[in-house]
Amino acid sequence: AQKVTQAQTEISVVEKEDVTLDCVYETRDTTYYLFWYKQPPSGELVFLIRRNSFDEQNEISGRYSWNFQKSTSSFNFTITASQVVDSAVYFCALSLSNFGNEKLTFGTGTRLTIIP
Amino acid sequence: DAGITQSPRHKVTETGTPVTLRCHQTENHRYMYWYRQDPGHGLRLIHYSYGVKDTDKGEVSDGYSVSRSKTEDFLLTLESATSSQTSVYFCAVNRDPAYEQYFGPGTRLTVT
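The listed protein sequences derive, respectively, from chains A and B.
Quick note on numbering: the first sequence equals residues 1 to 116 in the numbering used here.
Quick note on numbering: the second sequence equals residues 1 to 112 in the numbering used here.
With the rest of the complex left out, here is chain A (with noise of 0.2 Å):
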């Protein structure tokens, strides 16, 4: 069975700060994606991020990099000069795609505030 921990329960920083979320995974598959959402207040999931296990390529995307690291079976999420937009509750998740059928694993995410 997959299983998706996210140890950090809730993070505060001060605007402009950068913050790591950090995502560990388990999985004996060698084929699977990861995936991260964004839940801001308004209570919507917002895709942020889908990447297979072939592709360890860093990402950036603005403001947002993830790191994933298959030796430590992580699959970090950064957001450098935090903002107050970025509060919400992340989700990191797992599947293991067949043929395009997903059903995702999901982390019981973090809280992130961002104190202006």
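To be clear, the hints were calculated from the coordinates, so they are not data collected in a lab.
Just so it is clear, CB atoms sit at the ideal spot from N, CA and C, and this is done for glycine as well.
Be a bit skeptical, because a hint or two may be false.
Simulated coverage check for chain A against chain B, where a stretch passes if three residues somewhere in it have a Cβ under 8 Å from a Cβ of chain B [what the hints assert, rightly or not]:
hint: 1; segment: 77-84
hint: 2; segment: 104-114
When the alpha-carbon atoms are kept at most 25 Å apart in a straight line, the in silico BS3-like pairs for lysine-lysine are as follows [unchecked claim]:
hint: 3; chain 1: B; residue 1: Lys57; chain 2: B; residue 2: Lys70
hint: 4; chain 1: B; residue 1: Lys53; chain 2: A; residue 2: Lys103
hint: 5; chain 1: A; residue 1: Lys103; chain 2: B; residue 2: Lys70
hint: 6; chain 1: A; residue 1: Lys16; chain 2: A; residue 2: Lys38
hint: 7; chain 1: B; residue 1: Lys53; chain 2: A; residue 2: Lys38
hint: 8; chain 1: A; residue 1: Lys103; chain 2: A; residue 2: Lys38
hint: 9; chain 1: A; residue 1: Lys3; chain 2: B; residue 2: Lys57
hint: 10; chain 1: B; residue 1: Lys11; chain 2: B; residue 2: Lys57
hint: 11; chain 1: B; residue 1: Lys53; chain 2: B; residue 2: Lys70
hint: 12; chain 1: A; residue 1: Lys70; chain 2: A; residue 2: Lys38
hint: 13; chain 1: A; residue 1: Lys3; chain 2: A; residue 2: Lys38
hint: 14; chain 1: A; residue 1: Lys16; chain 2: A; residue 2: Lys70
Simulated restraints, written as ranges between beta carbons of each label pair [stated by the list, open to error]:
hint: 15; chain 1: B; residue 1: Glu59; chain 2: A; residue 2: Phe47; range: 15 to 23 Å
hint: 16; chain 1: A; residue 1: Gln2; chain 2: B; residue 2: Gly40; range: 15 to 23 Å
hint: 17; chain 1: A; residue 1: Lys16; chain 2: B; residue 2: Lys70; range: 29 to 37 Å
hint: 18; chain 1: A; residue 1: Gln2; chain 2: B; residue 2: Arg30; range: 42 to 50 Å
hint: 19; chain 1: A; residue 1: Ser71; chain 2: B; residue 2: Thr20; range: 41 to 49 Å
Here the structure of chain A is known, so what remains is to put chain B in place on it, guided by the hints.
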């Protein structure tokens, strides 16, 4: 938002009553999912569908049934609601070809 709507958005019902939640998508995606979100658990998969009339169970399927008679609609039914089914329910679809999973706005269900 991948053209996903959920109805109702909020519902309060009494223990023992049947409840049906609807997920509607406009982009003809094959795969659809129902998750529930509870504090301390993140989101957990209830049921999923891989085509019209093709469905299967997820991690927390007890007490729930689903149906998909049309590509665009995926229904989640609580045959006899219990207080433990108070939750926020999210529908999701996989968007081809990148298979990025997008979620609907959610339904907040309270069982009293």
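task = Please name the hints from earlier in the document that this structure breaks, with their numbers sorted from lowest to highest.
result = The structure breaks hints 1, 7, 14, 17, 18; every other hint is satisfied.
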